[in-house]
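Student: The primary structure of each chain is shown beneath.
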Amino acid sequence: MIPGKFEYFAPTSVSEAIGLLGQYGSEAKILAGGQSLIPAMRFRLAQPEILVDINRIQGLEYVRETDDYLEIGALTRESAIEKSTIVQQRYPMLADTARVIADPLVRNMATIGGNLAHADPANDHPATILAYNARIVAEGPGGERIIPVDDFFIGIFETSLERDEILKEILIPSPPGGSGGAYLKIERKVGDYAVVGVAVQLTMEDGLFKSIRIGLTNVSSTPMRARAAEALLVGQTPEEALFDKAGRVAAAECEPWADLRGSEEYKRDLVRVVTKRAIRKAIERANGVL
Amino acid sequence: MSDTEVRITTPPDVCGMGHRMKRKEDPRFIQGAGKFVDDIKLPGMLYLDIVRSPHAHAKILNIDASEALALPGVLAVITGKDLQAAGNLHWMPTLMSDTQMVLPIEKVVYYAQEVCAIVATTRYIAADAIELVKVDYEPLPPVMDPFEALKDKVIVRDDKEKKTNHVWHWEAGNKDATDEVFARSSKTIQQKMYIPRIHVSSIETCGMVASWDKINEHMTIYMTSQAPHAHRTVISLVSGIPENKIRVISPDIGGGFGGKVPVYPGYVCTIVASLVTGKPVKWIEDRSENLQADSFARDYHIDAQMSADENGNITGLRVKTLADDGAADAAANPSKFPAGLYSIGTGSYNMEAAHFEVDAAYTTKPPGGVAYRCSFRVTEAVHMIERMTDIMAHDLGEDPAAFRLKNFIRKEQFPYHSPTGWEYDSGDYHRALLLAMEMIGYEDLRKEQAEKRARGELMGIGISSFTEVVGAGPSKDFDILGIKMFDSCEIRVHPTGSALVRIGVQTQGQGHETTFAQIVAEELGLPASSIKVEHGDTDTAPYGLGTYASRSTPTAGAAAAMAARKIREKAKKIAAYLLEANEEDLEWDVNKFVVKGSPNRSKTIQEIAFAAYTNHPQGMEAGMEAVNYYDPPNLTFPFGSYICVVDIDKGTGEIKVRRFVAVDDCGNIINPLIVEGQIHGGLTMGLAPALFEEIVYDENGQNLSGTFMDYLLPTSMETPKWEVGKTVTPSPHHPIGAKGVGESPTVGAPPAIANAVVDALWHLGVRHLEIPITPQKVWKILRENGIDE
Amino acid sequence: MGTRTVNLTVNGQAVTREVEPRLLLVHFIREDLSLTGTHIGCDTTSCGACTIIMDGKAVKSCTIFAVQAEGRSIETIEDVAKDGLHPLQEGFWEKHGLQCGFCTPGMIMCSKAFLQENDQPTEAEIRWAISGNLCRCTGYVKIVEAIQYAAEKMHEKANQPTQVQEQEVVA
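Chains as they are written, first to last, in the numbering used here: chain A, 490 to 779; chain B, 666 to 1454; chain C, 15 to 185.
Hint data in this document are derived by calculation from the structure and do not stem from the laboratory. Note that this is a predicted model, so its numbers are computed, not measured. Careful, some of the hints might be misleading.
[As the list claims (entries may be wrong)] Below 30 Å or equal to it, Euclidean Cα-Cα: the simulated BS3-like pairs (lysine-lysine) are:
| # | chain 1 | residue 1 | chain 2 | residue 2 |
| --- | --- | --- | --- | --- |
| 1 | B | Lys827 | B | Lys852 |
| 2 | B | Lys689 | B | Lys857 |
| 3 | B | Lys689 | C | Lys171 |
| 4 | C | Lys71 | B | Lys1112 |
| 5 | C | Lys71 | B | Lys828 |
| 6 | B | Lys1197 | C | Lys71 |
[Stated by the list, open to error] Here are a few chain A residues that sit away from chain C, every Cβ distance over 10 Å (derived from the structure):
| # | residue |
| --- | --- |
| 7 | Met490 |
| 8 | Ile491 |
| 9 | Asn544 |
| 10 | Gly548 |
| 11 | Asn597 |
| 12 | Ala741 |
| 13 | Glu744 |
| 14 | Asn776 |
[What the hints assert, rightly or not] Derived Cβ-Cβ restraints for the label pairs, each shown as a range:
| # | chain 1 | residue 1 | chain 2 | residue 2 | range |
| --- | --- | --- | --- | --- | --- |
| 15 | A | Leu749 | C | Ala138 | 54 to 62 Å |
| 16 | B | Lys910 | A | Trp746 | 39 to 47 Å |
| 17 | B | His1433 | A | Ala717 | 38 to 46 Å |
| 18 | A | Gln578 | B | Gly1430 | 46 to 54 Å |
| 19 | A | Arg652 | B | Lys1386 | 25 to 33 Å |
| 20 | B | Gly738 | A | Leu749 | 49 to 57 Å |
| 21 | B | Leu1061 | A | Trp746 | 40 to 48 Å |
| 22 | B | Asp844 | C | Ala138 | 50 to 58 Å |
| 23 | A | Glu505 | B | Asn727 | 26 to 34 Å |
Glycine included, C-beta positions come from ideal geometry on N, C-alpha and C.
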């Protein structure tokens, strides 16, 4: 399996990259970690005429915490996120996610920006980033803009990024006290795309759910939140019966399809079970259990 | 006879049988210096790529390769018509004496079938060129279900005289006796089961470099071959090139498992491409091509019945099976055994009568039926008998271990004549199962299971007590395309005491370079480290049928011992001459002949070897060489008992293999380190089809599991930490008492796992689950029974 | 769509070549540099037979273009043995961590990078680290043992005073 021919550019600045994207329009494709793109090119499912390799751009690989956000550079490799102490201690759901993406070697190349910009509903980060209510920082010819994550995924393999925009940074709001999160993934074997994945990020206050966001992996054509399940939980007292109900609601609102990973019915039921488990684990973490 | 200790008779410096010798072949592999087919680079070498069919069944209306030919760097396009013009090379014989298209002219009969080949100066240009070939197809209805196929509504092989999809019918055992036993037995059970199509997926795919020397009219072929001599013969028969003008070299092989036994269309295209261009041509399959077009195994639809008497003794077995051969019967079974050794299916159990019937059907799938680390359909047989035994035990309310112990063939019954005509050489089945039970703590596990079940938790214990049949085989019964299934070894002892051993079998990772040196070391007392083992080059190695079906040790291993014994006979004569003693006064002691009663009067094998070239007796031929072509008197029958413990997640249906104990008996052990490795690997290739692997086709015949994204090889995370034990029951008829081991665990493991999962769910009314037992299958049962977390 | 010049360090040697941008790094290593110890086992980044170390990290060279290696330093199996076998190579040999040997270079490169980050791994950590490398022959048990062997040996060595240090102490 040999990729088709293409013209290769390796810009060293974001503005140079944006210029190339502007110049070549839909013929151009950004190469970040390349771990999804290059296999697609080998099968000639993707045949871009222009590749804009952004790996030469300095300053896009970092994980740092400010007062308001965890800031992650778009080119940050999954392995760096997985191994980051800040992430492990303060953003365990993100650590959960990074460590179940593909395999350790792929994670040494794969980037969080690529994972999100590819907008594959089977990718793991979209669910987590939705649950975190993150913001996506994009830069285009007109400068930077911040895209709320709820507006980011707009279709299958489609985001609200303009053709000449580059995803630069992901901003995850610092969780207030009493917060916890967890990402649980069911896979046929290690390294597989999710049969289903559930990301839950919540904040407890006075023994009640103050807020909760639930992201789902690979059960809809566009990465989705289980909004009805979230709505059911907010303001309520955590208890098993309620988790079960939330699981059922999430199972009803997702839109899985039958494939080799399972029937629609099976996937819905896994969403139900795994949502419950993710809520339990997120609560444990909110209570200080890592 | 049986023992749990490995027999060692030589000191470590000789390192004969039983020593845990580090492998002699390893230094090159651990330093990246292995030489695999894709590592071969010849001057001026061209590259071949293949256009494949997007349909499972379609007429070919037109092939237009003009655009591809116009691409700079493209030298040739080869179609079926070109092959026909070159001497009817568009069809080739399969190893089962069926026929298979090399490249089609009229129609394609499976998805990803080879349609035409492109030859270009680089791999990249060849890949570009195949995109430019335009093929017009007229789709025909696919035939994906063998039962439907037998209705002959759509004929897959309309090239044949008989317009039917029925390929053959085969029977073993005694029908009338079996019917009679069933009629008088108090208990009968019936179970249908499907052993799905799976794929061997050696990490190295198939490939070839063919190099035609126009001046000398000589063809040199490097290929991923488990059987280089057999392939040379087939290539000669197909191409018409005299066999002495063909040299097949099988270099280092990155795993075979049966997938590198058949001849595939890509090989033939590569040879033709080299003949046409007069240049060396390389073809290396992509993984997706490998997963879609060749190396498929199993695909058996089984309907089994078992009977037992009022005391819970198994009395009979009746098995009907439909084999899905795909578009050609391209299995590599011995000629007389179209269903391989499937009739070994009475397994480890004493019973009065059995009858097997197998029919085969053509479908529009790629040719199937190659092995998957399995001796000719033994895996299918063992899965059937071990599942049936478990169902019977559960039905009778007996513990599956106790039921097996009650029904095993007893050790005093060996050699045992099975109802289907096999003569089992040796065995001690009770001892193997009792050891496995002790190792895993069987009684405690049953207690734990009862407690957990009371709490609503799901845990299962599964047993498999298999009997293998390997070492094909006695030439009176076993041949492939008429070539008898002996195997060979040639030994040359050099004047200074080192030796060259050449064998007719071909390693793909089994460690022949080490184990064959150990066999010869055992027999001659030469240090194994001083013995060089060669194979895989038909210009130098003696003719052999190759390595598959665990046959290397039973056949070529015996040949090595026998050839060494010939040398020892000659050495004795030379020693007698050197020691001025009578031959009958000499005795052999590890590595020297000693005059009985005079321990100081001796000659070492090295001294004798030197004399063979410098000071041999008058009238005796000089030198120290021997060849043996070993024709085994019988097959060998390795066996073992496996016990598996699984835990089931009630929420998701996920299955966790908590423990797996494997007790194997492969007779005398040549190298325990290598045997352990073979068992670990075989168990993992048993785990794989039990829980993960299956080739799935959609209704149009497209392969949905055509990459490693969807064909699920277990990783280090899914694979449990195997626990192995052994008993040693030598084969009475084998010169070194060995039996073969590589495939036993692949054969034995799947039913142990399946039995464990069914055991966990039996109380819910579950009698059987088809492999691969996916979490979804378990989940469905749980929910149907109202079980949730 | 012509070629580009790529400059990189391969096993400590500076290398400059003209390549098509689409040339996969694994083909560059195997074909252009004739370092055939790095293998190819799939086309979906699944098997890890092509694993090399690039700037200290184990990566799958079938899913990187050669042009992306510009200015980088890569290490292949051919350069692992220095003054004798590397402890990992010894471990694979001692513990029978290989059979056909096709996945072995990738396994060793993956483990080498892993042990640089974690020199006292648990069995579970080792299994996790090699989960992107498929082996069809061994069942992984002996590969895990091989890596444990190397880890112990490397850890011992790292914590052993060297000959020179001992002499200094004596002096």
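Student: Honestly, which of those hints from before does the structure not fit?
Tutor: Numbers 1, 2, 4, 5, 6, 7, 8, 9, 11, 15, 16, 19, 20 and 23, in rising order.
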